[in-house]
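Asker: Line by line, the protein sequences are chains A and B. Quick note on numbering: the numbering used here labels position 131 of the first sequence as 1172, and the sequence is numbered without any gaps. Quick note on numbering: the numbering used here labels position 150 of the second sequence as 141, and the sequence is numbered without any gaps.
Treat the hints with care, as some may be off.
Computed footprint of chain A on chain B, listed as stretches where at least three residues anywhere in the stretch have a Cβ under 8 Å from a Cβ of chain A [said to hold, decoys possible]:
1. 42 to 52
2. 72 to 82
3. 167 to 181
Derived by calculation from the structure, the hints in this document are not laboratory data. Idealized CB from N, CA, C, for every residue including glycine.
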Amino acid sequence: MTTASWQAQVYAALKRARIRQIGYVPDAGHAHLIDAAQADPDMRAVVLTTEEEGIALAAGAWLGGERAALLMQSSGVGNCINMLSLPVNCRMPFLALVTMRGEWAEFNPWQVPMGAATPAVLAATGVHVRRADSPHDVAEIVAASAALAFESTVPVAVLFSQRLIGAKVFEK
Amino acid sequence: MRNDGTLDRRAVAAALLRDPGDLLVVTGLGAPSYDAAAAGDRALNFYLWGAMGGAAMVGLGLALAQPMRRVLVLTGDGEMLMGMGSLATIAAAGARNLSIAVLDNARFGETGSQHSHTGLTTDLAAVAGACGWPSVEVARDMDEVEAFRLRLRQEMLFAVIRISPTELPRHLPPRDGAYLKDRFRRSLGIADTNLQL
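Working from the sequences, and respecting the hints, build out all of it.
Answerer: Now the structure itself:
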């Protein structure tokens, strides 16, 4: 399965979950999702300057009766820690799709510390963590995670493994 | 640049929030939450007690979700400085039904009144303008504040209001976030998720 095709399935899962706002800090692993959101007249795609903005955006969306999701890379998880007190404290849903760096054939050592810490940091701040390793079930995991987030009203992050999205290749 | 603010923050908040109608109000942590509560607690006020730097973005998510209503974010200079990038995000999103009023005392009032950047070198109004906000204003007297009351409900306005650094007795709103969220949503007629099934 190509990257574009499983990402199209993930976008369809977000649409079925009635997501209306997508905040994002760009990542190559989310490129298709971002393009799809921007092209969709029924979706608001909001480019962020830093990841924690997306948590506050999602909280505001929920206050106003809409569902939001955050697309980000594992390097931004540390930026989110204090802002996660918002959905946790206010018992709001939250859904993040996190592309992983620093774990599978990583070229850039600066990505390794935050990538390694990502699952523990999310769990420590009260986020339920799920992981997608295969293109065959990633859309199903996103759909189940959206159901958990929005029906049980808890914060959930789905980690897209670096093996799934493909290690970034640096050409000399 | 020194703080030149003389306005009473409670009088400013009372003026901005007078006759709120169905205005959706989000307040930044610390004194702006107390100021809004002192002006009159209401279900359509959502007070942040933490999540510093997040008030403006809560306002954006709310404004996008409720495009037919007006959203006002009332916050302080320290909270706005921590979320300064959100001024760029909101301008880029072009949320015409959202305004921000910054009660600027050039201090971190909750922590011992240390000087903030707005009393040193930073001009928040200029920052917002440079980020692409269509309307940016600074008020130093109550006539200007009165003029902001309607403009904040009609335009996409970023307003800085120079207030006195005098500390006032705290007027504490409810601080249970789940309660504040639930009463806000119910007031908007949004059913609980579990009841929609």
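Asker: Please check whether the region 167 to 181 of chain B has three or more residues whose CB lies within less than 8 Å of a CB on chain A.
Answerer: Since three or more residues must qualify, the claim that chain A covers the region 167 to 181 of chain B holds, with 8 doing so at under 8 Å.
Asker: Can you confirm whether chain A covers the region 42 to 52 of chain B, using C-beta to C-beta distances below 8 Å and requiring at least three such residues?
Answerer: Holds, because 11 residues of the region 42 to 52 of chain B bring their Cβ atoms closer than 8 Å to Cβ atoms of chain A.
Asker: Can you confirm whether chain A covers the region 72 to 82 of chain B, using C-beta to C-beta distances below 8 Å and requiring at least three such residues?
Answerer: The restraint on the region 72 to 82 of chain B holds, since 5 of its residues have a Cβ under 8 Å from chain A and three suffice.
In this structure, none of the earlier numbered hints is contradicted; all agree with it.
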